[in-house]
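Asker: Protein chains in written order, with the working numbering: chain A, 2 to 93; chain B, 835 to 1034.
It is possible that some hints are incorrect.
[Stated by the list, open to error] Listed next, the stretches of chain A that the computed footprint assigns to chain B, with coverage defined by at least 3 CB atoms under 8 Å from CB atoms of chain B:
hint, region
1, 21-30
2, 34-41
3, 50-62
4, 67-79
5, 82-92
[Said to hold, decoys possible] For each label pair, taking beta carbons as the anchor points, the in silico distance ranges come out as:
hint, chain 1, residue 1, chain 2, residue 2, range
6, A, 7, B, 965, 21 to 29 Å
7, A, 36, B, 865, 26 to 34 Å
8, B, 860, A, 75, 24 to 32 Å
[To be verified] On the chain A side, residues computed to face chain B include the following (Cβ under 8 Å):
hint, residue
9, 5
10, 16
11, 18
For the record, the hints were derived by calculation from the structure and aren't laboratory data.
No residue lacks a Cβ here, since even glycine has one placed at the ideal position from N, Cα and C.
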Amino acid sequence: MTSYIRNPLTLVWALLTIVTVVSWLTARGGGSAHIVNVTVTLVVLLIAAVKTQLVIWHFMEVRFAPRWLKLTTGGWLVGLVALLLGFYFAGL
Amino acid sequence: MTNVADPDIRDTGRIAHPRNHLPGESSMWFFVIGDLLIFGVYFIGYVYYRGLDPDLFLQSQARLNLDIGAINTVILLTSSLFVALGTSAARNGKVPEAIRLFGLAFAFGVAFPVMKAFEYIPEVTAGLTPGTNLFFMYYYVMTGLHLCHVTLGLVILGFVIRSLRITVKPRMSFVESAATYWHMVDLLWILLFALLYLMR
């Protein structure tokens, strides 16, 4: 049991859970749900990007993987977030 | 060759993880990357159409159950943790421990569609269907496709548990491929949760 608690994977999970709660509270406390809120959007999308990278890097073990996989997954995430933010701001 | 003195290759278990190791079969990675690209197109389409009618999307989004969305995120994260710990245990030859951990991952995984049913049923009975508007079309298509992935993932986790039960020395490429798929299901939900429930 102690070995699980001290396991780096459990620490990654704890961090992922904490930032999920932060996102949840940010969305809940971000004023009216019917109004565009750039700050809330930036916070929740950047937290989602960090969470995604943590899952890819630690849970999917891409940190040990060949360079091509690190570049492919990293390129996908950076490209996706850039396009999401680009279309979001274009639509404001 | 492994070098345990290198901090970059310390594994979570006792066996050092080799550098340049592709976790699982390469075919699984091609499938995962293809899936990430397909979902990426859906995500970008969703944000594009959201920008054309932000009021409709925000009003529709406000009718979703944010709490169930967040609970389901934690459920999948926890399931993913057990899969990662189970993979590490299998790699270290601790088969009974790996079976227990994959069993816990499966149990948390099953909780996801159960919670999703508690979310879908009141929405559908309130008249919110894919035909309601573009937001709900995206909502049902993306979460529905994701739910298909969860279901397939649960079947794969079941096969992992079965294979661990009948063997003394687990076939790690299969365990790692299954784990890779399950973590992909987790990360897609992380993005879906942010896009459908959280962003404003």
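Asker: State for each hint whether it applies.
Answerer: Going down the list of hints, with the structure as the test:
1. 21-30: holds (count 7)
2. 34-41: Coverage by chain B holds here, the residue count being 7 at a Cβ distance below 8 Å.
3. 50-62: holds (count 8)
4. 67-79: n = 6 at 8 Å, threshold three: holds.
5. 82-92: holds (count 6)
6. A:7 <-> B:965: 21 to 29 Å: Hint violated: Cβ distance 51 Å, outside 21 to 29 Å.
7. A:36 <-> B:865: 26 to 34 Å: violated (40 Å)
8. B:860 <-> A:75: 24 to 32 Å: violated (18 Å)
9. 5: With Cβ-Cβ at 6 Å, under 8 Å, it holds.
10. 16: violated (10 Å)
11. 18: holds (6 Å)
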